[in-house]
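J.: Here are the chains, one letter per residue:
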Amino acid sequence: MSLKVGVARFLGTNCDEDVTKWVTSKSHKADYLWFENQFNVSDYDMVIVPGGFSHGDYLRCGALAAQTPVMKSIKEFASKGKPILGICNGFQILCEAGLLPGALLRNQGLKFKDEWALLKVNQTKTAFSKDVEKNQIIKLPIAHGEGNYYAEATTLKKLQENEQIWLTYENNPNGSLLNIAGITNEQKNICGLMPHPERALFEWMGSQDGMYFL
Amino acid sequence: MILDEQLKSKLKTYRLSEEEYELMKSLLGRDPKPVEWPLFSALWSEHCSYKSSKVHLRKFSYRNERTPDMDGENAGVVDLGYGEKIAFKMESHNHPSFIEPVQGSATGVGGILRDIFTMGARPIMSANYLCFGEVNAPQMKYLMNGVAKGISSYGNCVGVPTVTGQTNINARYNKNILVNALNVGYFGPDMKMALSKAKGEKNLVVYVGAKTGRDGVHGASMASESFDEDSESKRPNVQIGDPFFEKLLIEACLEVLKKDLVVAMQDMGAAGLTSSSFEMASKGQVGFVIDLKKVPLRDSTMTAEDILLSESQERMLLICEPKNLEKLQNEFKKWSLDAVVLGEVQKDRKVKLMWGVEILTEIDPDLIVEKAPQYKRPYSKWAYPNRVDSLTSPKFEISKLVDSKLQSFKLNQHHWIHNQYDQRVGARTAMACESSVAFARLDHSGRGLSLAVGCRPEVMLMDAEIGALDAVYYPAFQMAIKGAETLAVTDCLNFGNPQKNEIMSEFVASVEAIADAAKKLDAPVISGNVSFYNETLGENIISTPATGLVGLRETVENLVPDSFSNAFENIILVQMNWVESWNYVEQTNNRISKFKQNANLNVPAFIKKCVGLEGWLKQKDKKISAIKAVGLGGIGATCLKMSQNNIGFDLSYDLSLEDEANMFKDVFYSFIVVTGEKTDEMLKLLKSYFSDLGVDVKKIGETKNEEIIFSQNTKIDFKKFQKQFSKDLEAAGL
Amino acid sequence: MKLGVKIMPREVILDTQGRAVEASMKSNGFNTLSECRVGKYIELTLSTEDSAAAKTEVEKMLKEGGLYNPLIENFEIQLT
Amino acid sequence: MKLGVKIMPREVILDTQGRAVEASMKSNGFNTLSECRVGKYIELTLSTEDSAAAKTEVEKMLKEGGLYNPLIENFEIQLT
Ligand SMILES: Nc1ncnc2c1ncn2[C@@H]1O[C@H](COP(=O)(O)OP(=O)(O)O)[C@@H](O)[C@H]1O
Ligand SMILES: [Mg+2]
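Residue numbers (this note's numbering), protein chains in the order written: chain A, 2 to 215; chain B, 104 to 837; chain C, 268 to 347; chain D, 268 to 347.
I should point out that these hints are in silico values taken from the structure, not numbers from a laboratory.
Here the structure is a predicted model, which means the values were calculated and not measured.
Beta carbons: idealized from backbone N, C-alpha and C, even for Gly.
Misleading hints may appear alongside valid ones.
Unchecked claim - Computed Cβ-Cβ distance ranges for the label pairs, DEER-style:
hint, chain 1, residue 1, chain 2, residue 2, range
1, B, L428, A, D44, 29 to 35 Å
2, A, Q209, B, D783, 35 to 41 Å
3, A, K159, B, K503, 36 to 42 Å
4, A, E171, B, P497, 44 to 50 Å
5, D, V279, B, N705, 54 to 60 Å
6, A, D44, C, E316, 45 to 51 Å
7, D, V279, B, K162, 41 to 47 Å
8, D, V279, B, L640, 25 to 31 Å
9, D, S301, B, E121, 48 to 54 Å
Said to hold, decoys possible - Result set (SDA-like, lysine to any residue): computed pairs, CA atoms no more than 25 Å apart in a straight line:
hint, chain 1, residue 1, chain 2, residue 2
10, C, K322, D, N295
11, B, K252, A, W117
12, D, K327, C, K322
13, A, K158, A, N173
14, A, K126, A, G99
Start from the sequences, fold in the hints, and give me the full structure.
T.: This is the structure in structure tokens:
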């Protein structure tokens, strides 16, 4: 089934084209959602918030983007239970906007980190789990400076109880609590992850495990 | 001639010589006006005018059908066929990076990106070439960390992957590091190329991008000056780069080009508005009227002179037709950028600078751009000081050598640097910093564009001509064995003081060697940059003509990696003995190596032949699991570099290596290929493929599980090696 | 008028940057240093001279405008 | 005792972060904001109670220990 996918675009988003290529390669339709505009939520079946350095990553990653008009619509979209995926900076934006719990802090090593990561899939009942099995290990690239997941103990407990911990690192690269690489909201329609599935689609890219998401 | 004190000090301030002052006067037919001093100073600086190098850079004039003559545009262009083109260029930011490593290197990346997208190309790959001093030299860790941080923070944020690079460490860079940045931009079939030639009377001169501040006022002349002890205590107005603004500028500029709203476009690089306006006017053979009062300012107290020389980043100058202005301004507004009309194009070939209604000057742009002084600095013919007829082997113990190399990081790959670079944004990367050659997939045709940088300072130290030939041959060879044919070359010529005969001699030998190698490979040198005066307190750096090469491979599928992946496979060496030396070993003794050269061997033919190897083996249904060019330190050092993922090697197999020290001899050029296929068949095939080239083919060993064996006598503890080898420079505070 | 906002990581947050600065200072021989935390300082110039109004506006920026994140940070407004 | 150091970008130096925060706040309707500059704040706890000695030590950290970058920043020590 071909979906109508909205791809959020802020000043400084830089994975928008990569995500669009991914979406259209799956025969879905993609539109950009410009940050200054609100949109009609019934026009879309899915929203993806791609990675990059929205608003320069200034203040805190995702903080300035979280305050923009397009996020108002995305919140409304979320409240309808429709699927939203935040990748890397997109994950940070969803956290800053309060759509996902927690925050992403500076990597423990204080440096930006680009490497291949092995991830365990802990939850397959999300809107972005396709032909993937529980506990399967997949390989995706990470590239971030602030991917160190933090949440308060009570929140972490809730995440565990509700099985919201979606992806975990096999070798924690950034100090994330509970090795968290990706989480979902309680209803599992909103998902956020630091790794980049759109950079792992073909053998020549080094891994094809991005196909498990869309 | 007796100059009065006042004039002398003025010449000093504006860094002009007495002869240059005389030339100024005779060109103008009068004494220069106050505002003209900074104009001449900036545009006649070494950095902007290439006054010491221009006569030699003409030696790079060779072009082929793929490389259109771009007539001095911002970057060189290669036509890849299928409607695809690329623009690429390399540039230095050495002095600013030494003064402030984070901002200096960041603005270096920003500057080279603008050179590319000002032509209308979308930047798709970045690379960097770095030379640092010894890790323990004063400030060096700070500089190393800062440079890596600056490049990564800027490159990652603009969303252009940094896919390859080289890091050299040598005491000769202790007081003058080198930071060279390269960028490749892509034109798809539907994209338009923009030029910097201004044209069309009454067309508007529009300033776009960030506001102007006092950044780097006098920066361009600073880059052409040697450091003195003072520069650390001065508080210059460091240029600050904002990758976020650059990203906005890229999108806005590509958008207005797509919508056909622009007549010409030029980035404001060194000497800012001055060089961009004068160059656009001069190239287009037109004049400009510009009101400096209209320039958007960050600091309202700036004078006309400040504005002319400001090197604030992320700004461009463009020419548009009056009817398109509104659309153009709307597009920039969408990206939250200023777009302000400064003036217009006029037929009269004068650049008229106004301050409101006051005319500051009216000057023929050619006087400053085209008539800039050119020098024929004295030099001597290259004499191969270290060439010998027979080479003696130095005495050393392998295990001690390996140990000392590990200690000094010479064997380490520079993961700590490139792990900070986003290597995959754009989703085009097929191979990046884990390999000696990077590959990106071209959007339209799906072919692989390869990129590698070159120039090994150790080889330059040994011989400038061989070193410069090698700066082209070695990366071309590295690409060839991965199945990519080299198409074009860019360079960044980092040298010391050109007024010294020995430096100028190395410069000329290098330029001629690069031009020669490039022509023989049919890969024209299409762009470049010269950085002279890399001299601090009379000490010059190693002459370092860094290069960047692009190549093409039919596809990005099935690229063969650099490192071992399976145990119990054959390690085969394919070797041409063009030059033999002992750089790797001698470096530990702080000695310059001698070398032996076999001038009868045809290196370019060997490189070209290598390009087809992969395809040919595939035809014969033979698989290979790793392939890597043998670097300095011969098969010994190269096999150590290839040892990853718990796979080591055993070289005790080859008994013909009577002297095991020979394993560490540098041999230009050879490669190691690893295969699980039958030994005899592989050897036979390879020999027949390379016959008539004077190339040796032999099995030298096998891959092993967690073992490193050089000979029956010399074994290295694998675990210990792995730990040291993969260790970041963290222990050293990096 | 000009106001300053000091934004520091909350006590419960492991301040990796602060720890790195601390380690680097200690290794440079600054032995009296016992702890170090690194935060942000934001200077805001407002087009009002009414300090109460200015403070309210800045508080609004902090709480509704996303200038700070209560999960990980504390703030303190300083009149300068 | 505890000292604070406010480290701000020098006036002539472009403050990229302040520029972005300012633009974003303005577009979110905080219209009284006329300028914004963003710097760092470092809280240092020293094992001395002598405030003059503490201040001297912190100054030394700034100037000799590389706690700030004089090319692009200015600092101000605050006793808390
Ligand atoms: N500054 C750098 N930036 C990016 N990559 C780098 C840098 N320095 C080294 N590398 C990577 O490390 C690899 C190993 O470097 P090098 O010593 O030149 O060995 P080789 O080219 O023989 O593989 C390079 O090919 C490159 O991909
Ligand atoms: Mg290399």
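J.: Regarding V279(D) and L640(B), is the given constraint of 25 to 31 Å on their beta-carbon distance met?
T.: 29 Å, holds
J.: Within a Cα-Cα threshold of 25 Å, do K158(A) and N173(A) meet the stated pairing?
T.: 19 Å, holds
J.: Given the hint of 45 to 51 Å, is the C-beta distance from D44(A) to E316(C) inside that range or not?
T.: At roughly 47 Å between Cβ atoms, E316(C) and D44(A) fall inside 45 to 51 Å, so the hint holds.
J.: Does the Cβ distance between L428(B) and D44(A) fall inside 29 to 35 Å?
T.: Since L428(B) and D44(A) have Cβ atoms about 34 Å apart, the given range 29 to 35 Å holds.
J.: Hint check: K252(B) vs W117(A), CA-CA at most 25 Å. Holds or violated?
T.: 20 Å, holds
J.: Do the Cβ positions of E171(A) and P497(B) conform to the proposed distance bound of 44 to 50 Å?
T.: 46 Å, holds
J.: Compare the distance between the alpha carbons of K126(A) and G99(A) with 25 Å, and conclude whether the hinted pair is satisfied.
T.: 22 Å, holds
J.: Can you tell me whether the CB distance of V279(D) to N705(B) sits inside 54 to 60 Å?
T.: Check passed, 58 Å falls within 54 to 60 Å.
J.: Does the beta carbon distance between S301(D) and E121(B) stay inside 48 to 54 Å, or does it fall outside?
T.: Because 50 Å falls inside the window, the suggested range holds.
J.: Taking 35 to 41 Å as the hint, is the beta-carbon distance of Q209(A) and D783(B) inside that range?
T.: With Cβ atoms ~37 Å apart, the hint holds.
J.: For the range 36 to 42 Å, tell me whether the beta carbons of K159(A) and K503(B) fit it or not.
T.: Cβ of K159(A) to Cβ of K503(B): about 58 Å, so the range 36 to 42 Å is violated.
J.: Can you confirm whether the C-alpha distance between K327(D) and K322(C) stays at or below 25 Å?
T.: With a Cα-Cα distance of about 34 Å, the restraint between K327(D) and K322(C) is violated, given a limit of 25 Å.
Hints 3 and 12, counting from the list given before, are not met by this structure.
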